[in-house]
Amino acid sequence: MLDKGRLRTFLLGGAAGLLAGVLLAPRSGKELRGSLADRAGEARERGRESYFEAQEGMRERVAATREARRPQPGPEATPADAPDAAPVAPRPRLRDVSSGVAGTQEGDLAGEAERSEELRRKVRETRERLRGKRDLGRGPEE
1 MLDKGRLRTF
11 LLGGAAGLLA
21 GVLLAPRSGK
31 ELRGSLADRA
41 GEARERGRES
51 YFEAQEGMRE
61 RVAATREARR
71 PQPGPEATPA
81 DAPDAAPVAP
91 RPRLRDVSSG
101 VAGTQEGDLA
111 GEAERSEELR
121 RKVRETRERL
131 RGKRDLGRGP
141 EE
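Numbering (this note's numbering), first residue to last: 1 to 142.
It cannot be assumed that every hint is accurate.
Here are the computed lysine-lysine pairs in the BS3-like style, where the Cα-Cα straight-line distance is at most 30 Å [said to hold, decoys possible]:
#	residue 1	residue 2
1	Lys122	Lys133
2	Lys133	Lys30
3	Lys122	Lys30
Derived from the structure by calculation, the hints contain no laboratory data.
Can you build the whole structure from these sequences, using the hints too?
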């Protein structure tokens with residue numbers, strides 16, 4: 001467990017390091033803030049893109065799992081086929097309660113894919129626009 005003296009020392013050291021970093025930075029404050037804002041925006045966009053990709057992958061896995069669990073047409077085994085086996089009580093069929101939920105029907109999945117592509121396109125356009133603004137602000141020295 002940390003005592004108050006160590007915590008205070010840690011926080012003061014962090015503040016001193018932050019202050020020294022800002023004072024000794026090779027860029028002006030305005031340039032540094034702009035750079036940090038650009039990087040934060042890019043990180044946020046990457047996070048959103050990763051989230052949407054993970055969400056889409058999960059939807060695909062759920063759809064594949066549902067498809068695999070659907071009963072296949074064909075002859076079904078009966079207890080008479082296995083004379084040595086003990087009689088097995090039929091399992092009750094589970095109701096599919098997800099059919100009324102938005103985003104779970106196959107038609108909705110196609111719409112989700114279209115919305116996902118549209119979001120990706122908007123992200124790319126925003127990145128290009130931000131890069132253009134950033135490049136305009138740099139000037140000929142870089």
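Each hint tested on the structure:
Taken as a hint, the lysine 122 and lysine 133 pair is honoured in the structure, with Cα atoms around 16 Å apart against an allowance of 30 Å. As the CA atoms of lysine 133 and lysine 30 are separated by approximately 15 Å, the hinted pair is consistent with the 30 Å bound. Taken as a hint, the lysine 122 and lysine 30 pair is honoured in the structure, with Cα atoms around 28 Å apart against an allowance of 30 Å.
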